[in-house]
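Engineer: For the record, the sequence lines run as chains Y and E.
All residue numbers for the first sequence refer to numbering that gives the first Met the number 0, where the first residue is 0 and numbers rise by one.
All residue numbers for the second sequence refer to numbering that gives the first Met the number 0, where the first residue is 0 and numbers rise by one.
There are no misleading hints in this set.
Looking from chain Y toward chain E, a few residues come up when the C-beta cut is under 8 Å (computed):
(1) Leu-108
(2) Leu-109
(3) Asp-111
(4) Arg-114
(5) Gly-115
(6) Leu-116
(7) Gly-117
(8) Ser-119
(9) Val-127
(10) Pro-130
(11) Leu-131
(12) Pro-209
Computed, partial: chain Y to chain E, Cβ under 10 Å:
(13) Ala-113
(14) Arg-122
(15) Thr-208
These are calculated hints, taken from the structure and not from any lab test.
Even for Gly, the Cβ is constructed at its ideal location relative to N, Cα and C.
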Amino acid sequence: MNLWEYVGERWDLIVFETVQHASMVAQCVLIAAVLGVLIGVATYRRPRPSALATAVAGVLFTIPSLAMLGLLIPPLGLGVAPSVTAIVLYALLPIIRNTVVGLRGVDPLLVDAARGLGMSRGRSLTRVELPLAWPVILTGIRVATQLAMGIGAVAAYVSGPGLGEQIFSGLARLGGANAVNATLTGTLGVAILALLFDGFFVLLGRFTTPGGRLGGARA
Amino acid sequence: MPDRPTGGVPIELRKVTKAFPGGGEPAVQELDLDIPAGEIVVLLGPSGCGKTTTMRMINRLIEPTSGDILIGGQNSRDIDPDRLRRHIGYVIQQAGLFPHMTVAANIAQVPKLLGWDRRRIAERVDELLTLVGLEPETYRDTYPRRLSGGQQQRVGVARALAADPPVLLMDEPFGALDPISRERIQDELLRLQDELAKTIVFVTHDVDEALKIGDHIAIMQRPGHVVQYARPAEILTNPASEYVEQFLGGGSSMRLLRLTKVGDIELDEVPYATEDTDTGDLLADIERDGRGYALVLDGMRRPLSWVGPGDLQGRTGPVGVAGDPVTASIGHRMTLQDALETLLNADTDVVPVLGRRQAYTGALSLGTVQSAIAAIKARERERRLRRGEAVR
Ligand SMILES: Nc1ncnc2c1ncn2[C@@H]1O[C@H](COP(=O)(O)OP(=O)(O)O)[C@@H](O)[C@H]1O
Ligand SMILES: [Mg+2]
Chain Y
0 MNLWEYVGER
10 WDLIVFETVQ
20 HASMVAQCVL
30 IAAVLGVLIG
40 VATYRRPRPS
50 ALATAVAGVL
60 FTIPSLAMLG
70 LLIPPLGLGV
80 APSVTAIVLY
90 ALLPIIRNTV
100 VGLRGVDPLL
110 VDAARGLGMS
120 RGRSLTRVEL
130 PLAWPVILTG
140 IRVATQLAMG
150 IGAVAAYVSG
160 PGLGEQIFSG
170 LARLGGANAV
180 NATLTGTLGV
190 AILALLFDGF
200 FVLLGRFTTP
210 GGRLGGARA
Chain E
0 MPDRPTGGVP
10 IELRKVTKAF
20 PGGGEPAVQE
30 LDLDIPAGEI
40 VVLLGPSGCG
50 KTTTMRMINR
60 LIEPTSGDIL
70 IGGQNSRDID
80 PDRLRRHIGY
90 VIQQAGLFPH
100 MTVAANIAQV
110 PKLLGWDRRR
120 IAERVDELLT
130 LVGLEPETYR
140 DTYPRRLSGG
150 QQQRVGVARA
160 LAADPPVLLM
170 DEPFGALDPI
180 SRERIQDELL
190 RLQDELAKTI
200 VFVTHDVDEA
210 LKIGDHIAIM
220 QRPGHVVQYA
230 RPAEILTNPA
240 SEYVEQFLGG
250 GSSMRLLRLT
260 KVGDIELDEV
270 PYATEDTDTG
280 DLLADIERDG
290 RGYALVLDGM
300 RRPLSWVGPG
310 DLQGRTGPVG
320 VAGDPVTASI
330 GHRMTLQDAL
340 ETLLNADTDV
350 VPVLGRRQAY
360 TGALSLGTVQ
370 SAIAAIKARE
380 RERRLRRGEA
390 VR
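Just chain Y, with the same shape it has in the complex (with noise of 0.2 Å):
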């Protein structure tokens, strides 16, 4: 059986997993967004914090996928729970670095200019400070969806959702039927996924910047 048969006949049940996979992925970095975002804010004023903050996601970062998600079986068991944990907890570094970064980044002279005309603390951070410090931030989500995608495919290691299941029962039947297409199935298939997440970054950042500010990339 060629790839094109074997597609063909699971055909229901790939576009099953892709669709589970992508929904996964797609809530994970929302989470970590959301969370790195706030964390970033929240830190960017002060070195310390915001330094602890990067620290911690970065010792995080370096434990192998594997063993992380070996480690949440204990205390969240199998399934989604680990997956979605392993997932936001990864995706937490770039954006929550890319959040600092973006914001210290803004040059104080508008943050000068927005309090001078009376804007509050919270009025100059949405208004005048995360809008310029968007395409840093977007850029450290990006990032954070690409692990997500490789990350979900190795959740299927603790029976996690998505098309890491076709990956791992291809390795396990390595030399068996079927085994390479599965392998390759699941591997192109998040390929594809990754491809696809990302052209929708790079229509968000199209439409999400006014004024075509990137560093004058217009200009």
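Given chain Y's structure and the hints, the job is docking chain E with the ligands onto it.
Structural biologist: Leaving out everything else, chain E with the ligands in the frame of chain Y:
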């Protein structure tokens, strides 16, 4: 303006001190300053003397360590800082426009904070753009980075004026502009101020800018105190100390030329007549005067022509139209410097000076300007001597 613009209110600084944490000597020390309503007061001094700190304490971007600041008689401590700032226009170097907002959105920020409705904001934005000399149709929806430095600063001024605040704070607003744009925008600020009569606190380290813009100038010295607070002419002719004199630097006489108005000096008299004066009388006047020419004015005393005895010889009756038409004139509000330039370019050695409604008030020649300069210099010398004696 839909209504009359809000005029300025006075600002009083009472023994205002700012010591930054761990900053050694205070950045501003027990500073007293009375800023009159509707005037431009310039804080002038070298970098680090505390100009910015002083200014930012007025809108509480920096909180004073001690002392009081009264704005329109009200202690600024008693006003919520965000609310206070919405009623004080703020213009900074390089304009500080928000790059992710259109020109209109930038200008609309304070009215939005004050909860104006959209229509009123849109109308106000167009009105302000027109006021600062930018065509609303063209500029409303552009982004700041498409504007030149001068245009950006115009938008900066419009944004500061948006809610018609009585007070405007400007921290080296034109410092980053090229000299020509800077001159032009200074002129426009003065024109605007004629109309608006805001209380403006203007920070600069540029002496010429201060002399041009300021109704009063406060010269500051490190650390954070005022060494002289006076009108520009007074500061030039009567610097309070060696420090002030040095800071003003050379070229004091040239500056006086730029600062002194034609109307402030003694003008020449030349014989003059109106069109219906008798020719014989005018000829007699010319002979008595001895310079050999006279000016013919119209019924509103506006200069028409120069006449000499040659033009009038053998004529009788009213003077009428005779002689060479007047081609150059000098307004009584011109600076001596501009007057000199007109004189050097004029066909005649003497040029009539026009007062209100273009009416003849006197005449100017190079000689007259020269004696005026000599008089100014003599006064200056005399004052310096007097101060020298006082010191001794
Ligand atoms: N935030 C700050 N923290 C500590 N010192 C400051 C701060 N801002 C200004 N200073 C110090 O206060 C003094 C006056 O500064 P500033 O008001 O900015 O001067 P100017 O505007 O006249 O150049 C300088 O010595 C400067 O180093
Ligand atoms: Mg300064």
